[in-house]
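**Student:** As they're listed, the protein sequences go chains V and Y. Per this note's numbering: the first sequence = residues 218 to 431. Per this note's numbering: the second sequence = residues 568 to 952.
Since the hints were made in silico from the structure, they are not lab data. Remember, it's a predicted structure, so these values are computed and weren't measured experimentally. Beta carbons: idealized from backbone N, C-alpha and C, even for Gly. One should not assume that every hint holds.
[To be verified] Chain Y regions said to be covered by chain V (calculated; three or more residues, Cβ under 8 Å):
(1) 627-634
(2) 705-712
(3) 829-837
(4) 846-860
(5) 888-895
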Amino acid sequence: MIVQEMMKTDVVTLHKEATIETAWKLIRKHRIRHIPIIEEDRTLIGIISDRDLRDATPSIFHENRNLEELQKPVSEIMVTDVITAHPLDFVEELSTVFYEHEIACIPILEKKKLVGIITERDMLYTLIQLTGALQPSSHLEVKVKNIAGQLAEVASLIKHHKTNINSVLVYPSKQENYKILVLRINTINPQKIVTELKNAGYDVLWPKEAEVQQ
Amino acid sequence: MKKPVFIYSEQLLNYKFNDDHPFNHFRVKLTYDLLNSMGALTEEQVIPPLEACDEQLALIHDRAYIEAVKKAGEGDYDESASLTFGLGTEDTPIFPHMHEASALIVGATLQAVDMVMDGKATHALNLSGGLHHGFRGKASGFCIYNDCSIAIEYMRRKYGVKVLYVDTDAHHGDGVQWAFYDDADVCTLSIHETGRYLFPGTGQITEKGQGKGYGFSFNLPIDAFTEDESWIELYKTSLLEIADYFKPDVIFTQNGADAHFLDPLTHLCSTMKTYDTIPRLAKTIADAYCGGRWIAVGGGGYDIWRAVPRAWARIWLVMNGIEASGPLPSTWLNKWQKKSPVTLPETWEDRENAYKPIPRKQEITEKNALTLSKALYLIRNEKRT
Ligand SMILES: [Zn+2]
Numbered sequence: 218m219i220v221q222e223m224m225k226t227d228v229v230t231l232h233k234e235a236t237i238e239t240a241w242k243l244i245r246k247h248r249i250r251h252i253p254i255i256e257e258d259r260t261l262i263g264i265i266s267d268r269d270l271r272d273a274t275p276s277i278f279h280e281n282r283n284l285e286e287l288q289k290p291v292s293e294i295m296v297t298d299v300i301t302a303h304p305l306d307f308v309e310e311l312s313t314v315f316y317e318h319e320i321a322c323i324p325i326l327e328k329k330k331l332v333g334i335i336t337e338r339d340m341l342y343t344l345i346q347l348t349g350a351l352q353p354s355s356h357l358e359v360k361v362k363n364i365a366g367q368l369a370e371v372a373s374l375i376k377h378h379k380t381n382i383n384s385v386l387v388y389p390s391k392q393e394n395y396k397i398l399v400l401r402i403n404t405i406n407p408q409k410i411v412t413e414l415k416n417a418g419y420d421v422l423w424p425k426e427a428e429v430q431q
Numbered sequence: 568m569k570k571p572v573f574i575y576s577e578q579l580l581n582y583k584f585n586d587d588h589p590f591n592h593f594r595v596k597l598t599y600d601l602l603n604s605m606g607a608l609t610e611e612q613v614i615p616p617l618e619a620c621d622e623q624l625a626l627i628h629d630r631a632y633i634e635a636v637k638k639a640g641e642g643d644y645d646e647s648a649s650l651t652f653g654l655g656t657e658d659t660p661i662f663p664h665m666h667e668a669s670a671l672i673v674g675a676t677l678q679a680v681d682m683v684m685d686g687k688a689t690h691a692l693n694l695s696g697g698l699h700h701g702f703r704g705k706a707s708g709f710c711i712y713n714d715c716s717i718a719i720e721y722m723r724r725k726y727g728v729k730v731l732y733v734d735t736d737a738h739h740g741d742g743v744q745w746a747f748y749d750d751a752d753v754c755t756l757s758i759h760e761t762g763r764y765l766f767p768g769t770g771q772i773t774e775k776g777q778g779k780g781y782g783f784s785f786n787l788p789i790d791a792f793t794e795d796e797s798w799i800e801l802y803k804t805s806l807l808e809i810a811d812y813f814k815p816d817v818i819f820t821q822n823g824a825d826a827h828f829l830d831p832l833t834h835l836c837s838t839m840k841t842y843d844t845i846p847r848l849a850k851t852i853a854d855a856y857c858g859g860r861w862i863a864v865g866g867g868g869y870d871i872w873r874a875v876p877r878a879w880a881r882i883w884l885v886m887n888g889i890e891a892s893g894p895l896p897s898t899w900l901n902k903w904q905k906k907s908p909v910t911l912p913e914t915w916e917d918r919e920n921a922y923k924p925i926p927r928k929q930e931i932t933e934k935n936a937l938t939l940s941k942a943l944y945l946i947r948n949e950k951r952t
């Protein structure tokens with residue numbers, strides 16, 4: 218997946234002359250944590266976060282507000298050394314950037330101009346989507362030998378049941394010669410598929426059956 | 568004098584996918600027969616249903632979907648219906664007259680609603696209903712039309728009441744939750760096995776509603792292999808606190824019986840103790856907040872011989888204040904044991920130690936207690952301030 222497909226294009230921005238007070242109001246109104254600062258032609262020149270604002274105006278939480286501080290332009294407190302990305306970057310790479318730089322928001326630029334934004338929250342949401350858990354489905358977990366064609370075999374068995382696969386993840390197993398396939402399949406009743414997988418010699422890790430004394 | 572009503576006719580059993588399908592409404596007949604054999608059903612209390620009309624179905628469902636169901640039931644469907652409408656899949660296969668069968672179930676639930684809301688009955692039960700997975704434009708999880716959602720929307724429009732929906736099926740009541748996710752006059756509570764593994768996957772604590780409806784969706788996703796004690800603790804605490812917070816005009820309960828330890832589709836370990844508790848508290852809440860107005864429907868439940876009839880009969884017995892314990896009626900046992908592929912239980916209660924001890928019991932109980940406090944955090948906080 219590329220950044221373009223998941224970025225938010227409707228971005229709340231400010232010009233560098235805007236006051237800190239305006240920035241505060243926007244952050245509260247839109248319940249956001251970052252505002253990119255741009256030129257008239259949308260060139261990115263900086264970014265401010267709710268934390269920058271708080272550091273700059275510690276006294277606004279007291280009774281006698283310091284109005285002077287609030288009237289200063291955002292350019293005085295914005296961060297200008299901004300980590301950005303391009304719409305055609307890969308989402309997978311971007312998640313590494315979030316992780317390594319410990320940042321919560323990445324402006325997306327095309328020819329230095331702001332075209333979108335991605336927050337850590339958007340990133341997480343995309344990952345949740347990748348796990349398939351947002352569409353009605355059951356979890357199926359199968360341990361397979363680490364050789365070619367195993368995923369295809371499991372998938373074709375599921376296909377025979379006219380059951381859609383919502384997502385597939387492949388994890389390394391603790392045992393070196395095995396891998397674990399985690400699928401979300403679009404059925405409330407995975408039992409038939411499980412039985413067939415077992416009959417075909419697969420180790421089904423989930424669903425497990427409750428042990429009932431008869 | 569007003570009494571509870573039981574919506575029933577054999578036509579409700581026409582909601583039948585095929586002989587091998589786990590969803591089997593023969594369980595409604597088995598329950599009806601169990602209640603009859605103990606003389607708990609009087610003739611005046613049994614009301615036959617009427618088929619719901621298209622306008623009623625369209626309170627929730629897209630017209631295009633209704634048309635697709637009608638066509639499919641007449642043998643007119645192509646592969647694309649499976650993708651677009653969820654019809655013709657292994658979960659919801661096509662069967663003749665599926666529209667009529669599904670609309671009759673909706674009609675039965677609406678009948679139950681009208682009887683209670685028009686003051687003709689104290690409570691009403693439609694065991695054929697409870698098809699809580701149905702979406703506006705898609706069949707899902709054995710459910711074609713979502714009678715719960717339709718009935719709630721119908722009550723909202725016709726009677727203007729605030730509805731508390733309580734879903735104790737082992738699966739998350741997703742169809743109903745999403746239908747009223749932004750509605751502050753419909754409060755949904757679903758207690759289910761965690762979607763981490765089980766269908767449909769949703770129903771996490773963090774799903775709390777949106778917009779005006781924020782704070783009116785409650786989810787208690789509990790661990791696999793949860794047992795009575797922990798289940799009942801979560802049910803009682805959450806329902807009491809939510810009812811007190813929301814103050815409903817009417818309570819609508821979905822009574823899927825698939826949290827039973829014998830159920831083949833899920834991994835919870837409830838026994839009849841749980842199924843005795845569910846309707847008792849529902850009735851208490853209905854009497855305390857809703858002037859008795861309580862509509863109950865069925866839902867999931869795939870051990871149709873041993874678990875479902877006893878669990879569902881309990882709802883009716885509680886509605887009528889009839890106590891039952893010890894041996895099941897021998898007429899019922901003798902009649903159905905011959906037909907049942909499994910040995911029928913002989914008593915209303917499950918026997919002690921019916922399943923092997925759960926090794927992680929302590930851990931599961933602790934985790935569920937945490938889930939409970941997280942799910943109720945908002946309303947407990949509101950109370951303090
Ligand atoms: Zn269920």
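**Student:** For the region 705-712 of chain Y, do three or more residues have a beta carbon lying closer than 8 Å to a beta carbon of chain V?
**Tutor:** Three-residue rule met by the region 705-712 of chain Y, so holds; n is 3.
**Student:** Are three or more residues of the region 627-634 of chain Y within 8 Å, CB to CB, of chain V?
**Tutor:** violated (count 0)
**Student:** Go check the region 888-895 of chain Y versus chain V for me, would you? Three or more residues, Cβ under 8 Å, otherwise it fails.
**Tutor:** Violated, because only 0 residues of the region 888-895 of chain Y bring their Cβ atoms closer than 8 Å to Cβ atoms of chain V.
**Student:** Please count how many residues of the region 846-860 of chain Y have a CB within 8 Å of a CB from chain V and say whether that reaches 3.
**Tutor:** violated (count 0)
**Student:** When I compare C-beta atoms, does the region 829-837 of chain Y have three or more residues closer than 8 Å to chain V?
**Tutor:** With 5 residues in contact (Cβ-Cβ under 8 Å with chain V), the coverage given for the region 829-837 of chain Y holds.
Violation of the numbered hints given earlier is confined to hints 1, 4 and 5; the remaining hints are satisfied by the structure.
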